[in-house]
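So the protein sequences, as listed, match chains A, B and C.
Residue numbering for the first sequence follows this note's numbering, starting at 1 and increasing by one per position.
Residue numbering for the second sequence follows this note's numbering, starting at 1 and increasing by one per position.
Residue numbering for the third sequence follows this note's numbering, starting at 1 and increasing by one per position.
By construction, these hints were calculated from the structure, which means they are not laboratory data.
Take the hints with a grain of salt, since some may be wrong.
Said to hold, decoys possible - Label pairs and their in silico Cβ distance ranges:
(1) L149/B to L209/C: 28 to 36 Å
(2) P122/A to M163/B: 28 to 36 Å
(3) S33/C to N127/B: 18 to 26 Å
(4) P100/B to V21/C: 34 to 42 Å
(5) Q55/B to H71/A: 30 to 38 Å
(6) Y62/A to S47/B: 22 to 30 Å
(7) S33/C to Q55/B: 19 to 27 Å
(8) K141/A to S33/C: 24 to 32 Å
(9) F14/C to Y62/A: 17 to 25 Å
Stated by the list, open to error - Over the 10 Å line for every Cβ pair with chain B, so calculated as not near, a few chain A residues:
(10) T40
(11) R43
(12) R105
Please read all numbers here as calculations on a predicted model, not as lab measurements.
Glycine included, every Cβ here is placed at the ideal spot set by N, Cα and C.
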Amino acid sequence: MAASQERITVYNLADLKNTSDDALPNYLNSIGFTQSHRLTDVRLALGYSAFALAAACFAWDYRFGFDATKHLTAAAVALYALLNGALTLWVLYAERGTVYVGTSRDGAETLRVSTATRKNVPEYLVTVEVTRKGAAPEEIKFARSFTEWFDEAGHFVAAPFQAAFANSVPAIGRADPKKVATAAKGKEGSDGSEEAAAYTPEMLDMLAKANVSVVGSAAEEATGSEAAAKKKGGKRRKA
Amino acid sequence: MLSSLGNPRQAAAQLMNFGLILSSAFMMWKGLSVITDSPSPIVVVLSGSMEPAFQRGDLLLLWNRNLMAETNVGEIVVYNVKGKDIPIVHRIVRKFGTGPDAKLLTKGDNNAADDTELYARGQDYLNRKDIVGSVVGYMPFVGYVTIMLSEHPWLKTVMLGIMGLVVVLQRE
Amino acid sequence: MYSSIVRLQNAFGFFTTVAFVVAAFIAASDLLSPRTPSVGVLKTTNVQVVRGRPHYYSHKKEEYAIIKFSLDADLSSLFTWNTKQLFVYVTAEWPSAGGSGSGQNATNQAVIWDSIITSPSADHLANLGPIAMKKLKRSAQGKSIDPSRGKLSIKNQRPKYQITHPTGKLAEQDNVVLRLHYNVQPWVGILTWNQDVDFWKWKTFKNNLSKKFALPALKKKDEKKAR
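Just chain A, same shape as in the assembly (with noise of 0.2 Å):
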């Protein structure tokens, strides 16, 4: 969530990362993208049908003891040991780190985003594969460093980390012109260190404290999500 007013302690590369994976799809679903959850929904049922086993698992051994049930108990632990594996396996080859899967709101391209970091590198490393109907996916990758959206104090400011993708990615732009626009302020050019400079460390102090205004002027299709965060945020900023 694009919660901005809320402070993460920037030491933490998971915060960092989870921060700025949760502020993705709220971006993309603004800008007209149709999420799709078929990857996270086949992972909740692996995981909370192997939860739920294990749980019917302690029932009836609870209520009828070891010796009535082991033979019920082996079998339940081997499909257990089985659902898991699955969902290991889900998690590592076909979610592959993706924090998001949605299509245009033409429906002509698919996009796929996944996000990594290195231990100890404050760095976001995003993959987008685009699909267009008919075609062969295309792989756009970046790597953009944390401080260009999160400033000194943990605060996350949506618009330069909108802009990276905005420009590093011409399905995204096409969608929210208007970023692209932002970033052509600066040098021409997508590489990341010429437009990281469009954002002085003052300029993100300076839009973190008018965060609530950015945020809305950016996505003007906020989503209801959104327009929550934003009216929570201008009460907070109120009291």
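Model the placement of chains B and C on the given structure of chain A, informed by the hints.
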């Protein structure tokens, strides 16, 4: 952190991770139970009756299958007595007969007398079915935590609370 | 590594991992030290059967066998750095009436004598009075392993336990043997007993049976010896 609870799928995923940690621990325990054929394959020593071999807090791994040989004299077994809820770890010192009806007598290495007094009223011997498992593996001291927890029940609540909070609030 | 709690968590996690790995290595090191226990002598010196009550208030009288024995054995190779104690015990074994022969298929088995031999590293845990404890500790001062502890030479030893049978009958029982056993208790790892087959560096425990003997007829007027 807590904000993620606003998204139902993410909340479900986080809850699932917590549930899977618990259920995996439980199923590993059950798996060990199934392999060793013992309802409680790992026990903590609660008394000093087997000293100096076992002290309070030592961890014992049990085996409850008779693949190669019957449970025999000299083996250290964990057994249950009808009407007592705490299992006892003692050594078999006498065995009369074979098979499931063999009469077994146990004694703690550190005790002067055998266990006849510990058995249920009118019970002079144990049978194989009273035995939860024979001790095959030993790890000193690790189980002391559970003794602490059972002697100070409030510690249990505190630990569970902390663990739950950490898992719910933290991702990965 | 972004807060004290996480650092503490990681440090503790790493500590436990290391501790378990080290423990596993120590346990596995048992396999590398050869075990060559041997028995010189195991024989009975005096065998009696008496009648007595199992406890003071009992009306039923049972027959008890009192088997004195001599023992000579060298179990010193069982003491390694991972040995906590050695539990040595002698059992009497006999077939049931109408049962098959003795030995492996003995259907009655009872410990008549046992002894706990602590490794010097576990001396402080032994259940002894202060004087005996001092003596025990002094006997292995400065040693972490004391192989001399495993050398047993016992003459005409009175049994610690007078054995009986659920039927109350023991007199004139044929085909009784004594068998010497040991149980190695490690500081960490697998508990082991005497073996019937060689296992790499661990040798079979041979000669640990006495000759077959018969329990004598009931000895009259010797009831006070029974418990």
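Do the hints match the structure? See the list:
1. L149/B to L209/C: 28 to 36 Å: violated, 48 Å
2. P122/A to M163/B: 28 to 36 Å: holds, 29 Å
3. S33/C to N127/B: 18 to 26 Å: With a Cβ separation near 38 Å, S33/C and N127/B fall outside 18 to 26 Å, so the hint is violated.
4. P100/B to V21/C: 34 to 42 Å: Holds, since P100/B and V21/C (Cβ atoms, about 40 Å apart) stay within the stated range.
5. Q55/B to H71/A: 30 to 38 Å: About 37 Å separates the Cβ atoms of Q55/B and H71/A, which means 30 to 38 Å holds.
6. Y62/A to S47/B: 22 to 30 Å: holds, 27 Å
7. S33/C to Q55/B: 19 to 27 Å: holds, 24 Å
8. K141/A to S33/C: 24 to 32 Å: Roughly 56 Å apart at Cβ, these two residues miss the hinted range, so it is violated.
9. F14/C to Y62/A: 17 to 25 Å: For Y62/A against F14/C, whose Cβ atoms are near 36 Å apart, the range 17 to 25 Å is violated.
10. T40: violated, 5 Å
11. R43: Not fine: 7 Å to the nearest Cβ puts R43/A too close to chain B.
12. R105: Given a closest Cβ separation of 22 Å, the condition holds.
Of the hints listed earlier, those the structure fails to meet are numbers 1, 3, 8, 9, 10 and 11, in rising order.
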